[in-house]
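Number of protein chains: 2
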Amino acid sequence: MSSSTPAVPHGAAPTEPPKTCKVILADTIAKKMLSEVQTTLSAIQLPRRPTLSAFLANSDPHAYQYAEWSKKTCEEQGFSFNLIKVDKESLEEAIIAANNDPSVDGILVYYPIWPANQSHQDRYIQETVSLAKDVEGLCHTHLFNMYHNIRFLDPPTNLKKSILPCTPLAIVKALEHLQIYNPILAYGNRLYGKTITVINRSEVNGRPLAALLANDGATVYSVDITGVQLFTRGSGIKALRHQVVDKPDLTLEDVLPLSDVVIGGVPTEKFKVPTELLREGAVCINFSSFRNFDGAAVKEKASIYVPSIGKVTIAVLLRNLVRLISNSPRQEGTSDDAQKAREGAFTDD
Amino acid sequence: MSSSTPAVPHGAAPTEPPKTCKVILADTIAKKMLSEVQTTLSAIQLPRRPTLSAFLANSDPHAYQYAEWSKKTCEEQGFSFNLIKVDKESLEEAIIAANNDPSVDGILVYYPIWPANQSHQDRYIQETVSLAKDVEGLCHTHLFNMYHNIRFLDPPTNLKKSILPCTPLAIVKALEHLQIYNPILAYGNRLYGKTITVINRSEVNGRPLAALLANDGATVYSVDITGVQLFTRGSGIKALRHQVVDKPDLTLEDVLPLSDVVIGGVPTEKFKVPTELLREGAVCINFSSFRNFDGAAVKEKASIYVPSIGKVTIAVLLRNLVRLISNSPRQEGTSDDAQKAREGAFTDD
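Residue numbers (UniProt numbering), protein chains in the order written: chain A, 1 to 349; chain B, 1 to 349.
Treat the hints with care, since some could be wrong.
Ranges between beta-carbon positions, derived for each pair [unchecked claim]:
no., chain 1, residue 1, chain 2, residue 2, range
1, A, ALA296, B, LYS247, 30 to 36 Å
2, A, ARG291, B, GLU253, 36 to 42 Å
3, B, GLY295, A, LYS247, 28 to 34 Å
4, A, GLU276, B, THR39, 46 to 52 Å
5, B, ALA296, A, GLU92, 56 to 62 Å
6, B, PRO115, A, TYR187, 27 to 33 Å
7, A, SER119, B, GLU253, 43 to 49 Å
8, B, ASP27, A, LEU159, 35 to 41 Å
FYI, nobody ran anything at the bench for these hints, they're computed from the structure.
Remember, it's a predicted structure, so these values are computed and weren't measured experimentally.
No residue lacks a Cβ here, since even glycine has one placed at the ideal position from N, Cα and C.
Sequences and hints are given; from them, build the entire structure.
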């Protein structure tokens, strides 16, 4: 047969294109992590329910809502969650008591407590939490390790992973789920070649996130009202950890069109990422409790859209708690299997 | 314990960064495909060795070398490979004889045959090969389907996959292996958001490759000595198939810095991709029989480098041959299992 009589009538094309934007819900990513947490929790054989003490000393409705969600998820997952409301003045004593209470595995504090004086009083409280119970990774040693790309608390043994802050780690886990981290590349370099804009540079979320992504090899534009900073490991990502340079000549409008991934964390209703400046097929992730993206418009332009991250953050909180328990000194009566499981907990990151 | 006595001496950073460029050899990708070919071949239960007839009517040393490699791989894989040397004048008759020989499953011709007159005499020979034996996907119906993003020969039944040209499909398979195709996205859109430069726009390799990548959602800059063309499915990849526009104002120097992936196919020793214009962490693939990249330099700048693709092309040749056999009308004595296997052959693309 000669192809001058074609086997298919010309023009018989697919009748409609596949949907172009994939919307990924936090729930999908969180479920995967929670089952990993359950597997690890049963392997480490803790003789009691793991226990988190959460201190609410402010009146931020978002903090209260997040606390309620956390309590619900914790209890569904077989964890104990003590929500402790205290006034600001009693907070330090209450934390010290929890530091010394062997039935408490992790300590969580809702910030800000002194909005007018975060850099001092809130930081002081963060240091009051025992490193061994710092489930949020906000103690100086945890922060130092994160910024310096040091992944273990016990070099050179390297069995005790350093704790990373929950929301930034939740976004890293989301980017792994979305395969933006390329597993073909060496661990520690899997974002090499990716350009990412992070809108928000708070000490709790935006700055640590930019540092984590740059430490993993990305070119990161960190944007806030004070301007743009570039976080990278330098040309050819030869540096061991990220470096930061101010980019006074750049604006959000300049960096959005360059970005494979755009991450919004602006805590206001008013702010929206200008959709028309997004790169075709960009990956868009919102971690603000407000919607930083115009959902309808972004679905016409993005390849992947993650409208919220909160449920992943709570899954990371439990993951961090199980990691703290795994890091704790071996107790009498811990089996060798359980000890081995503790040393191998979450070795994937 | 308070973290004012840190658990880790500050500055205990990893001692050296992981290697930044991953070099992936064609062999790695080819082995994976060949084992898939073997699995499918045994499932379709062909009662004899699948047979490829390859016609060599030119004196190009690269064609001869490629023929020798193909023969070796074919025979290692349990295929018969008839290398038939003919003069140009007898080629058409020889192909017609192979078209009509039931013991021949696929036909391969080494081009160019009339370098001065490829567009007419070579095209005429490509149409002489039976569609049912066109293992290179060069018959008009196969080319038409590829350019129109039509994936089957038998709509609406859609059991017989249309054949794609070997080298372009080999590069698609390489990009899948490198996870540049994002499996999170819908099949058919998995390159959405990726910008790719293809240097070479030959009818045999560069133009079909640019079309395949754009049909899968990429923004593709096709570059050759006559200039730059942009292949895309339009804003939001809403179109069913790629469109092409000339970009008279753009040069290779303009598009390299924009490209996540750079694919070189320039058939000369002299040409080198200017490394300094590559994006940090770019993915670089060479399919020319010459080295289009400066290997030492590119390893300092790229995240992934694939120095050659030839072995993958040969694996695709065998894959296409098994696909042709699977597409052929059911023979007497073919078991239902074998028929089912034929209908399900290589359903991943």
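Right, here's what the structure says about each hint:
Take ALA296(A) and LYS247(B): their Cβ atoms lie about 31 Å apart, and the range 30 to 36 Å holds. In this structure the hint that ARG291(A) and GLU253(B) lie 36 to 42 Å apart at CB holds, the actual value being about 40 Å. Between GLY295(B) and LYS247(A) the Cβ separation comes to about 33 Å, which falls inside the hinted range of 28 to 34 Å. Under the hint 46 to 52 Å, the C-beta atoms of GLU276(A) and THR39(B), about 48 Å apart, fit the expected range.
Restraint check, ALA296(B) to GLU92(A): a C-beta distance of roughly 58 Å satisfies the suggested window 56 to 62 Å. Evaluation of the 27 to 33 Å hint for PRO115(B) and TYR187(A) yields a failure: the beta carbon distance comes to about 49 Å. Evaluation of the 43 to 49 Å hint for SER119(A) and GLU253(B) yields a pass: the beta carbon distance comes to about 47 Å. Distance hint check for ASP27(B) and LEU159(A): the Cβ-Cβ separation is about 37 Å, which falls inside the suggested range of 35 to 41 Å.
In this structure, only the earlier hint numbered 6 is contradicted, and the remaining ones agree with it.
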